Amino acid sequence: LEPLPTTAGKRNFGVLSYDQPGIRSRNIGDYIQTIASIGHLLRYENLSFSGDQGLTELFSKFRKSVKEERKYAGPEAELNLVEVYRDGNVYQDIPEDTWYIAFGWYMHDIFGKSFNIPFHPNLRPILLSVFVRYPEMLTPEAIAYLKKYGPVGCRDWQSVAVLRAVGVPAFFSGCLTTTVDTLFPAPSPDRRSGTLRVDWTKDNKGPKKKQTVTAIRDKSFPENLELARNWVAEDRKSVV
Numbered sequence: 001l002e003p004l005p006t007t008a009g010k011r012n013f014g015v016l017s018y019d020q021p022g023i024r025s026r027n028i029g030d031y032i033q034t035i036a037s038i039g040h041l042l043r044y045e046n047l048s049f050s051g052d053q054g055l056t057e058l059f060s061k062f063r064k065s066v067k068e069e070r071k072y073a074g075p076e077a078e079l080n081l082v083e084v085y086r087d088g089n090v091y092q093d094i095p096e097d098t099w100y101i102a103f104g105w106y107m108h109d110i111f112g113k114s115f116n117i118p119f120h121p122n123l124r125p126i127l128l129s130v131f132v133r134y135p136e137m138l139t140p141e142a143i144a145y146l147k148k149y150g151p152v153g154c155r156d157w158q159s160v161a162v163l164r165a166v167g168v169p170a171f172f173s174g175c176l177t178t179t180v181d182t183l184f185p186a187p188s189p190d191r192r193s194g195t196l197r198v199d200w201t202k203d204n205k206g207p208k209k210k211q212t213v214t215a216i217r218d219k220s221f222p223e224n225l226e227l228a229r230n231w232v233a234e235d236r237k238s239v240v
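Residue numbers (this note's numbering): 1 to 240.
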């Protein structure tokens with residue numbers, strides 16, 4: 001692969017994507033998690049961004065919709081944005097000392113042979129909202145890696161229990177998606193009262209949507225992030 005674009009002297013920061021050699025996620029919920037993580041960067045008003053042109057342009061667009069009450073001045077710094085594959089980053093040419101928020105379902109095997117953990121050696125993960133279901137992914141190498149960069153924030157209590165059982169420090173953080181509203185200012189006054197059922201099959205009451213979006217496979221990473229943002233924006237309208 002071609003080396004990822006960098007800006008000399010700047011801190012590299014990974015934005016989680018979902019490519020890998022075996023398959024590409026069609027779950028719009030994955031990209032919504034990335035949208036939530038982006039909100040935690042954009043609320044810092046003194047951060048600037050360089051690197052991947054598609055991502056920097058998207059960040060500039062998203063920044064305009066950060067909730068006023070979530071904004072925070074913070075330190076001045078420039079982050080060089082790098083697209084990091086959740087499940088296939090070991091196959092990328094990632095620049096040294098790239099920090100990123102590592103979240104989500106880290107159990108998508110590569111051609112049924114292995115899991116992408118430990119991550120690429122140039123990555124410095126912030127482990128938050130992680131889901132662990134299959135004990136077979138917790139190889140001795142994976143356990144040592146998680147211990148090194150822990151404690152691990154987990155999206156569910158089962159993951160906390162599984163990790164603690166093998167000696168990995170873990171805590172319940174909840175799902176990162178619950179913070180996606182940073183980029184979605186609420187209407188004033190907020191009179192929303194409905195319920196949207198996602199992937200709901202029990203009955204036919206109320207509006208429903210499915211999270212699997214086949215078109216994701218044909219779009220670029222920034223395009224899929226914008227699709228996810230529009231998807232959430234439409235959901236907000238459907239429950240008014």
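Everything labelled a hint here was simulated from the structure, so no lab data went into it.
If you're wondering where the values come from, they're calculated on a predicted model, not measured in any experiment.
Some clues are possibly wrong.
[Said to hold, decoys possible] Cβ-Cβ distance ranges computed for the label pairs, FRET-style:
1) K61 / A165: 25 to 35 angstroms
2) A186 / Y72: 16 to 26 angstroms
3) A161 / A73: 21 to 31 angstroms
4) R124 / Q53: 31 to 41 angstroms
5) E57 / R11: 42 to 52 angstroms
6) R124 / A161: 25 to 35 angstroms
7) Y91 / P185: 20 to 30 angstroms
8) A161 / S220: 20 to 30 angstroms
9) F184 / S220: 17 to 27 angstroms
10) G54 / R11: 37 to 47 angstroms
[Stated by the list, open to error] Here are the simulated DSS-like cross-link-like pairs (lysine-lysine), alpha carbons at most 30 angstroms apart as the crow flies:
11) K10 / K71
12) K219 / K61
13) K10 / K148
14) K219 / K64
15) K147 / K219
16) K61 / K71
17) K148 / K219
18) K67 / K219
19) K61 / K10
20) K148 / K61
21) K219 / K10
Yeah, the Cβ is synthetic: ideal placement off N, Cα and C, and Gly gets one too.
Hints, verified against the model:
1. Taking the beta carbon of each, K61 and A165 are about 44 angstroms apart, not inside 25 to 35 angstroms as hinted.
2. For A186 and Y72, the hinted distance range of 16 to 26 angstroms is satisfied, since their beta carbons lie about 19 angstroms from each other.
3. Restraint check, A161 to A73: a C-beta distance of roughly 39 angstroms breaks the suggested window 21 to 31 angstroms.
4. Taken as a hint, the range 31 to 41 angstroms is violated for the pair R124 and Q53, whose Cβ atoms sit roughly 24 angstroms apart.
5. Distance hint for E57 and R11: a CB-CB separation of about 20 angstroms, inconsistent with the stated range 42 to 52 angstroms.
6. Taking the beta carbon of each, R124 and A161 are about 26 angstroms apart, inside 25 to 35 angstroms as hinted.
7. Under the hint 20 to 30 angstroms, the C-beta atoms of Y91 and P185, about 39 angstroms apart, miss the expected range.
8. The hinted window of 20 to 30 angstroms between A161 and S220 is violated, with their beta carbons roughly 38 angstroms apart.
9. For F184 and S220, the Cβ-Cβ distance of about 23 angstroms falls inside the hinted range of 17 to 27 angstroms, so the restraint holds.
10. For G54 and R11, the Cβ-Cβ distance of about 19 angstroms falls outside the hinted range of 37 to 47 angstroms, so the restraint is violated.
11. As the CA atoms of K10 and K71 are separated by approximately 23 angstroms, the hinted pair is consistent with the 30 angstroms bound.
12. With a C-alpha separation of about 18 angstroms, the suggested pairing of K219 with K61 holds against the 30 angstroms cut-off.
13. A threshold of 30 angstroms between alpha carbons decides the hint, and for K10 with K148 the separation of about 25 angstroms falls inside it, so the pair holds.
14. Distance check on the hinted pair: K219 and K64 sit about 23 angstroms apart at the alpha-carbon level, within 30 angstroms; holds.
15. For the hint linking K147 to K219, the alpha-carbon distance of about 36 angstroms lies beyond 30 angstroms, and the restraint is violated.
16. Distance hint between K61 and K71 is fulfilled; the C-alpha atoms sit about 16 angstroms from each other, no more than 30 angstroms.
17. Only pairs whose Cα atoms come within 30 angstroms are accepted, and K148 paired with K219 is rejected, the gap being roughly 35 angstroms.
18. Simply put, K67 and K219 have alpha-carbon atoms about 28 angstroms apart, close enough for the 30 angstroms limit, and the pair holds.
19. Restraint check for K61 and K10: satisfied, since their Cα atoms lie roughly 22 angstroms apart, inside the 30 angstroms limit.
20. As the CA atoms of K148 and K61 are separated by approximately 36 angstroms, the hinted pair breaks the 30 angstroms bound.
21. Simply put, K219 and K10 have alpha-carbon atoms about 28 angstroms apart, close enough for the 30 angstroms limit, and the pair holds.
Hint compliance for this structure: hints 1, 3, 4, 5, 7, 8, 10, 15, 17 and 20 are broken, all remaining hints hold.
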